Structures are given as C-alpha cells and as structure tokens.
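Enquirer: Please arrange chain Y on chain S, whose structure you already have, making use of the hints.
Listed here are the chains, written in short residue letters.
There are 2 protein chains.
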Amino acid sequence: MEVTRTLARYVIESRYADIPGKVKHEAARSFLNWVGCAVGASRHETVECALAALAEFSGPAQATVLGRGERLDIMQAALMNGITSHTFDFDDTHLKTVIHPSGPVASAILALAERTPVSGEDFLHAFILGVEVECRIGNAVYPEHYNVGWHITGTAGVFGAAAAAGRLLGLDEQQMVWAFGIAATQSAGLREMFGTMCKPFHPGNAARNGLLAALLAQKNFTSSSQGIEAKRGFAHVLSTGFRPEEITAGLGKTFELSLNTYKPFACGIVEHPAIDGCIQLRNEHKLKAEDIESIALKAHPLVLELTGKKTPQTGLEGKFSVYHSSAVAIIYGAAGEAEYSDAVVREARVVALRDRVSAAVEPGVHEDQVHVTIRLKDGRTLEKYVEHAVGSLGKPMSDAALESKFRAFSEGILSQAESDRLIRLCWTIAGLKDAGEVARASVPASAAGKRKAS
Amino acid sequence: MEVTRTLARYVIESRYADIPGKVKHEAARSFLNWVGCAVGASRHETVECALAALAEFSGPAQATVLGRGERLDIMQAALMNGITSHTFDFDDTHLKTVIHPSGPVASAILALAERTPVSGEDFLHAFILGVEVECRIGNAVYPEHYNVGWHITGTAGVFGAAAAAGRLLGLDEQQMVWAFGIAATQSAGLREMFGTMCKPFHPGNAARNGLLAALLAQKNFTSSSQGIEAKRGFAHVLSTGFRPEEITAGLGKTFELSLNTYKPFACGIVEHPAIDGCIQLRNEHKLKAEDIESIALKAHPLVLELTGKKTPQTGLEGKFSVYHSSAVAIIYGAAGEAEYSDAVVREARVVALRDRVSAAVEPGVHEDQVHVTIRLKDGRTLEKYVEHAVGSLGKPMSDAALESKFRAFSEGILSQAESDRLIRLCWTIAGLKDAGEVARASVPASAAGKRKAS
Chain S
1 MEVTRTLARY VIESRYADIP GKVKHEAARS FLNWVGCAVG ASRHETVECA
51 LAALAEFSGP AQATVLGRGE RLDIMQAALM NGITSHTFDF DDTHLKTVIH
101 PSGPVASAIL ALAERTPVSG EDFLHAFILG VEVECRIGNA VYPEHYNVGW
151 HITGTAGVFG AAAAAGRLLG LDEQQMVWAF GIAATQSAGL REMFGTMCKP
201 FHPGNAARNG LLAALLAQKN FTSSSQGIEA KRGFAHVLST GFRPEEITAG
251 LGKTFELSLN TYKPFACGIV EHPAIDGCIQ LRNEHKLKAE DIESIALKAH
301 PLVLELTGKK TPQTGLEGKF SVYHSSAVAI IYGAAGEAEY SDAVVREARV
351 VALRDRVSAA VEPGVHEDQV HVTIRLKDGR TLEKYVEHAV GSLGKPMSDA
401 ALESKFRAFS EGILSQAESD RLIRLCWTIA GLKDAGEVAR ASVPASAAGK
451 RKAS
Chain Y
455 MEVTRTLARY VIESRYADIP GKVKHEAARS FLNWVGCAVG ASRHETVECA
505 LAALAEFSGP AQATVLGRGE RLDIMQAALM NGITSHTFDF DDTHLKTVIH
555 PSGPVASAIL ALAERTPVSG EDFLHAFILG VEVECRIGNA VYPEHYNVGW
605 HITGTAGVFG AAAAAGRLLG LDEQQMVWAF GIAATQSAGL REMFGTMCKP
655 FHPGNAARNG LLAALLAQKN FTSSSQGIEA KRGFAHVLST GFRPEEITAG
705 LGKTFELSLN TYKPFACGIV EHPAIDGCIQ LRNEHKLKAE DIESIALKAH
755 PLVLELTGKK TPQTGLEGKF SVYHSSAVAI IYGAAGEAEY SDAVVREARV
805 VALRDRVSAA VEPGVHEDQV HVTIRLKDGR TLEKYVEHAV GSLGKPMSDA
855 ALESKFRAFS EGILSQAESD RLIRLCWTIA GLKDAGEVAR ASVPASAAGK
905 RKAS
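Protein sequences appear in the order of chains S and Y. Sequential numbering of the first sequence, starting at 1, is according to this note's numbering. Sequential numbering of the second sequence, starting at 455, is according to this note's numbering.
In isolation and in its complexed conformation, chain S is listed as follows (with noise of 0.2 Å):
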C-alpha cells in the first residue's frame, strides 16, 4: 500500500467544505488554547536561553515570536512558539497517542502565514489537515513506538507541521510525498529528556524542521517516496509495530481532532477529579476557605500513590500534592500555573486548609473519579461526586472555560483588552482575511517593536 503518496494526495485535495462544522469549532479551540500556552510561557527561563543562544542568527524579521515583541525569520519563530506552547505542558492532548498535536503544526504555520499572508480560512484548513496527518502516524505506531523511547510529539509533529505547511505553500502531490520524506528523515526526540528544556524543544523542533521539509521539497528537494512505510522508512525503523490501515482508513472521514483534550489544571491529570469537584462545590456555595472545617477525599489509588505529598515545599511539589491542589481550588477556584508558584504553596491560608485535607482509596472509584465531601464550620456537610473529571473527553472543557485559562495565561503580559481581542481573534479565525494578525495581536503593546533578544 501506498501510504505516503495516500496521505499526501489526501493532503493537497482536502476541501474546506467537506470537513464538519463540529471539526473545525474543535481546530479553533486547540488553536485559542495553543496560543494561550505559547502567550503564558512567552517569559520562561526556556524560551529566554533559546533566544540568547539563536536571536543573532536569525534571518528577516518575518515572525512574531507570540507574547513577546522579537521578530524572528519564520524557521526560528516556529522553533520559538513550540518551545514556549508546550513549557508548561499545559497544551491540548490526543489521550489515543499522547501527542500534543497543535505545538508542531501551529507554529509552523502561524510563523509561515506571517512570511505569506493566508486566509483564516486556509489557514484553520491547514491546520486540521496538520493534526490529522501527525495524530495517524501516532495511530499507526503507538504505543509501541513510544515504548520504545521516542517523545511521539516531537517524531509524529514533525509531519503534521510539513503537511500543513506543504498545503499553504501548494505543494503540488510528488512535492508534497518529498515533504514527508523529508520529515521522515528528520523525525527525532527522546523521551529520556522529559524533565529538561529539551522537552518543549521537541514540538519546537518539530515545527523547524516540518517547515524546512515543506520548503525544501517546494524547490524539488527529493527523497524517498515512501518515507513512511518503506523497509527502511520511517515506521519500520523508529517502531516495533505498525498498522499502516490507521494512516489510510476513513481518510476525510473521520478526524482526530475531535478526540482532542485540553488540561484545566497545570498538575498530574490524576488530581483533575478532586480539583474539579472541590472547584463546583466552591462555586455552587460560594465557599470560603474560613468556613470549612474539613475536606476529605475518596480517590482511585494513584492519587495517592503519585500525588499523595503533604507537605510541598515548592511550587514543583505542590504539583505533586492533592492537598494542595484541593486547597488552592477552594480558594482560587482555580489551579494553573499561577497556583503552583513557590510563593502560593509556602502562602498561610493554603497552607491552613491544606492540613485540613484528607485523602483515603475507595474501591470502585475510576481514575477520573472522586467523592468529594466537604465539612463546614456551621455543622454542614457538602457531597460532589465527580463521575468525568473535567477536560476528559467525557466532559470536556467547555468554550468559556478555555477562554478563562487563556486569560489566567494571558494576565500580566497582555492588557484585558489585548486578551479579549486576542481570544476573539481565535475564536474567528476562520473568518479572517489574514491569519498572521493573531500573531501580532499576541504581542502586547508595551513590547511591541523589539528586534531581538538583548
């Protein structure tokens, strides 16, 4: 079977028309929520070392680096976006592989759409074509792949960001089948950097070398023609297992983009159940942390066993505590980045409630599941059951819900009103006449007209 050429005639003959309505609200939710993540950690110490090591190599100021003011030629721009969109491994999850599927497709075409101005329109369409692309290469090989030790992100992400920008630049089909060749015979990361700054780098790396395969094969670059599939081609040698029909099947179809999933919480996904549920309770009765007497927690074990640390000392750790994380969703309703910073798990009060916090096992509980029971100082007690943690493709977070992680994201490097035109902006990006204005749109005023990294 001709899997590669397959893929990429699907590729370049996609119509906008035929994809469901459905699908393309799901591409602008992964796309609001990318750019979130990328704007959140636009000042991280991973995206600053990055700039001082490369800014000075850059090329023609095509490229919005998102958040910031540097304008970088578009293969260090794509570089820069994936780097900082997935520092606070915060961006959207494909469970099926564990692919972060909008890191390497988005940054490769958002700095692109910026060099060569594209619709919204072709520009979403891109998109969706880029995560459907690295998502069945994921289908075909994981989880063996990744067993194998290869950050799945990083080696799938690097086709996705050459399909989608092989389709903004019009690849024609032997261009775009060099394309993925070209991808192929760059697909890298290891899963033995998580923990580093490698990491992020991975969908930064992606996004680089997937857009250098689309220019390349553009000028007639050639490569294998069957990069995916061949004996010695991308699938046989970086896995043990592949299903070539997952690549191939239902093409048009059906679309990965609808088991997309996006994290409200910046912690171990086992925690979402109990944030969740102490986060409705809180709104539901405009509970104050003073109020309650106690909070007691009946999970699946691995919360226990993975997150059961008591007593945090750093921000880091308090990722690892349900304890925390219960006491800062009772008083913050919320727990991003912001609710793991050192200073929030050394603060008295989370501290105070904290304490008050018990967890114990309850047979029969999944591990999207809690009961949580809350005690009151008046004598009452609260009960939620969490059947589907939010963020779980059982109950996904909603379009408002996404709109206040970006803004828990966006605060303190874009005014509210530059949050609220840049949020609008993602939701209507379909509409627009040129994509590229969400890039300068992330970029806050006070920042604006920095050349490069000083």
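Worth double-checking, as some hints may not be accurate.
[As the list claims (entries may be wrong)] Chain Y regions said to be covered by chain S (calculated; three or more residues, Cβ under 8 Å):
1. 501 to 515
2. 524 to 538
3. 630 to 639
4. 645 to 653
5. 666 to 673
6. 816 to 825
[Unchecked claim] Take a look, some chain S residues computed to stay more than 12 Å from chain Y by CB distance:
7. 95
8. 356
9. 407
10. 447
[Stated by the list, open to error] What follows is a list of derived Cβ distance ranges for each label pair:
11. Y:648 <-> S:367: 24 to 34 Å
12. Y:770 <-> S:43: 52 to 62 Å
13. Y:697 <-> S:407: 49 to 59 Å
14. Y:737 <-> S:60: 20 to 30 Å
15. S:258 <-> Y:597: 43 to 53 Å
16. Y:847 <-> S:61: 45 to 55 Å
17. Y:770 <-> S:249: 34 to 44 Å
18. Y:685 <-> S:20: 37 to 47 Å
19. Y:697 <-> S:346: 46 to 56 Å
20. S:367 <-> Y:628: 34 to 44 Å
21. S:416 <-> Y:648: 53 to 63 Å
22. Y:569 <-> S:249: 44 to 54 Å
Worth flagging that the hints you see were computed from the coordinates, not collected in a lab. This structure is a prediction, so every number in the text was calculated from the model and none was measured. The beta-carbon is built from N, C-alpha and C at its ideal position, and this holds for glycine as well.
Expert: Leaving out everything else, chain Y in the frame of chain S:
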C-alpha cells in the same frame, strides 16, 4: 558507567600537544579532501535546490558556502557545506562504521570559525575531537544501529558536530554534557533516503543541528545528563546493540582518524581494484586505448554482481559498470566525477574500449584485490596483480593523490592559482592565525560578493 560525562570531560580537557603528529596530519588530509568535495559539488543541483529554498531565511552573512559567493548565517552555511561535501559520495570513510566523518564536523566548525575567529590549531584540534566523538559513538552501536536502518553519518555525526563546536565555544563540562543530550534528541537520518537528495542532506543536517546543540548548551539550555547511555537515550532507542566501552576505552590514546580512508574513484568501492590496476599499467607502459586488444579481469564475485553492467547508457549507470570504469582508467587515467558524465559514457572511444573488457570471477581473490591482464595489439601481454586497492587502509591515497583529487574537483570552479592557495591553506591549517581563511579562500574571485542565491 557515565558515558556521556566521560566523553564530555575528554572533549573539554584534551590538549592539542598530546595528540600524535600522525593524527594531526591525517586530520589535515581529511580536511583537504572534505574541502575539495565541497567545492567540487558547489554548483550541483542539490545545493542549488537547498539554497533556493532557504537563503531567504538566512540571518547575517557570517559564513561562506564553500566554492560559492553566498555568505549565510552559520547554521545555514553548516547545512549547505554538509550537503555539498557529501553530494558526490566521494568524501572520507571510516570503514569500521561506514561513517563519513568530516562532513558533519568540519561543516559545523568552519562556519563557526568565520563568526568567531579561531586559530588553525584550535580548529584542527576541535576537528580531531569531533571525529573522535562521532566515530566512537558509531563503534559502540555499529553494525546493529546501521542494520536497523539508520544512516550513521547523520545519527552519529550530530554528536561530532556538537563536540567540535562545543569545544570551540568553550563549553564547560556540564554544558558539553547537555550539548550531547541536545544532539541525542535530534539524532536522525534514514537509509531509505539513499539515492535521493536527502542522503547528502544528512551530514548537512547533522552539522546544523550539532551546532545548534552546542549554541543552546552554551546558554545553559538543559538536557539529560545521560543522553547517550540512558535507558531511553540514544544508544538504546536507536540501536539493538550497545558497547559503551567503545566510547570510553583508550580516550586520548587511540584516534579513530587513523582509520579514516579516502576514495580515489567516484564509484562503488568493489570496482576500485580494477581501476587501480588499469591506471598502474597505463602509467607504467604509457598505454593508449588504440594499442589494446583486450583487458581481462579476474575478480571477486561482488564485482560482477554489483557492477556488471555491460552497456551503460548514462553517467549513473557507468558507475555500476566495471567495463566502463576500466576503459576510462586506461583512457583518462582517472575515474572521478568527470569520467562518469553521460557524455563520457557515450564517447565512441570509451565505448569501443569498454567492449574489449571482460571480467570473470576468480576463487580466492579478495574484495580489494584483482588480476588484470592486458593483451596488446603488438602481441605483448601485460599483467598486474593488485593486492590492496588504492584508497584502502592497506594502501592509502598519498598526499599527492589527494591533491590531484582536489584539483579534479576544483577545476572549472577555481583558477589554478586559487586551487594552489586553497590546497596550501588546507595543508597548513594548523599554522593559520584564522582558520576561517580557508572558507573565504574557497570562493573564486568571479563569484565573490554574491549575497544570496538568486
């Protein structure tokens, strides 16, 4: 065993004075051969495509594309020179691993040396260390890694480039460890790409990405500290076999550059004994094609199996014809790129002589051996037994032969005086105040001053 750290420590602590003179001379030989290959292919379609795609995105005009007028940022220059130097597949070969060692390493650091001038001594030292790193990593995983389907020049080359660039950038031990980690997580390149433009792209990409690794590490961009040996690090993920002691044993005592070889002829290595034998007889007896009645070869079976094409029609087919190769050896006394042009393959006197060549399998003749019997029209018979073909470790190309090879490449690109000067600079690299002088000297006066590919 701390493989990555041990290797990093060696690279930063090595002293030039401790490296044997023979190794330094071999480094100069490798470098001369590499510069020649790069200049020779500097007008090839492969690099024209790459420049057409990428020059637009180049940063400052920091570094030379060898043999051409363009000056690009160092990352792009490293990519281009890595591509050109491997385009003819005529660069050096570490036969133990089939790595082409110079491409990734020299491409990275010659570009770097034009941005931050370094002495020729420091340059040659970094080159030696880079080759040592990539070949030792290759030794530790060859042949299993190659058999999986990896193009080892790309996958190991990125470490060599990182090591050499990191040495010149003055990385400390931890930074060098990180540079190896960042290299590991970019290690890529599939054998599936052989026969396409992606093959020479691999050393170019290794140079570009190894340089990137060193530059990021210099700014404390973090990575794993066991990028090579960890359970999910380079060796275990990209190979089914790993012998870490091949990396760490005898560091600073043995040098892989001593095992480097250079191809004298632009075709498959199995034809080299026949070409060698024919050229020797030609030169010893001042033979002309019209004096020759017939040429009979007794050779290893692989010669007929791989290069048994009786009536080649194109230059590329000529490379797979021991008959054509023997004919040009007599007529031109050479078998370089020029002798494998379409025109030469169709030349009447070449075709006429080719048809008088026969080849037979002879039991007991090894792969780098041949018996050549030439019957002359005057009745005489000439014999030559080649025990080790020129270019093998048993009979390395002489310095003079490397110079001739260089001149065959530079002819038509550089003037005689320009070639003379460039050759002299390569031989005397260790004494140069500014190693970047070599790069600038590779540009013919006629091409100097061009900024970008048009």
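Enquirer: Now, for every hint given, state plainly whether the structure supports it.
Expert: Here is what the structure says about each hint:
1. 501 to 515: holds (count 10)
2. 524 to 538: holds (count 3)
3. 630 to 639: As far as the stretch 630 to 639 of chain Y goes, the hint holds, because 4 residues have Cβ atoms under 8 Å from chain S.
4. 645 to 653: holds (count 6)
5. 666 to 673: holds (count 5)
6. 816 to 825: violated (count 0)
7. 95: Fine: 21 Å to the nearest Cβ keeps residue 95 of chain S off the interface.
8. 356: 37 Å, holds
9. 407: 30 Å, holds
10. 447: 21 Å, holds
11. Y:648 <-> S:367: 24 to 34 Å: Since residue 648 of chain Y and residue 367 of chain S have Cβ atoms about 47 Å apart, the given range 24 to 34 Å is violated.
12. Y:770 <-> S:43: 52 to 62 Å: 54 Å, holds
13. Y:697 <-> S:407: 49 to 59 Å: 54 Å, holds
14. Y:737 <-> S:60: 20 to 30 Å: The hint (20 to 30 Å, Cβ to Cβ) is violated, given that residue 737 of chain Y and residue 60 of chain S are roughly 55 Å apart.
15. S:258 <-> Y:597: 43 to 53 Å: Roughly 44 Å apart at Cβ, these two residues keep to the hinted range, so it holds.
16. Y:847 <-> S:61: 45 to 55 Å: 51 Å, holds
17. Y:770 <-> S:249: 34 to 44 Å: 38 Å, holds
18. Y:685 <-> S:20: 37 to 47 Å: 42 Å, holds
19. Y:697 <-> S:346: 46 to 56 Å: 49 Å, holds
20. S:367 <-> Y:628: 34 to 44 Å: Taking Cβ atoms as reference, residue 367 of chain S and residue 628 of chain Y lie about 38 Å apart, which means the hint holds.
21. S:416 <-> Y:648: 53 to 63 Å: 57 Å, holds
22. Y:569 <-> S:249: 44 to 54 Å: 50 Å, holds
Checked against the numbered hints above, the structure violates hints 6, 11 and 14; every other hint is satisfied.
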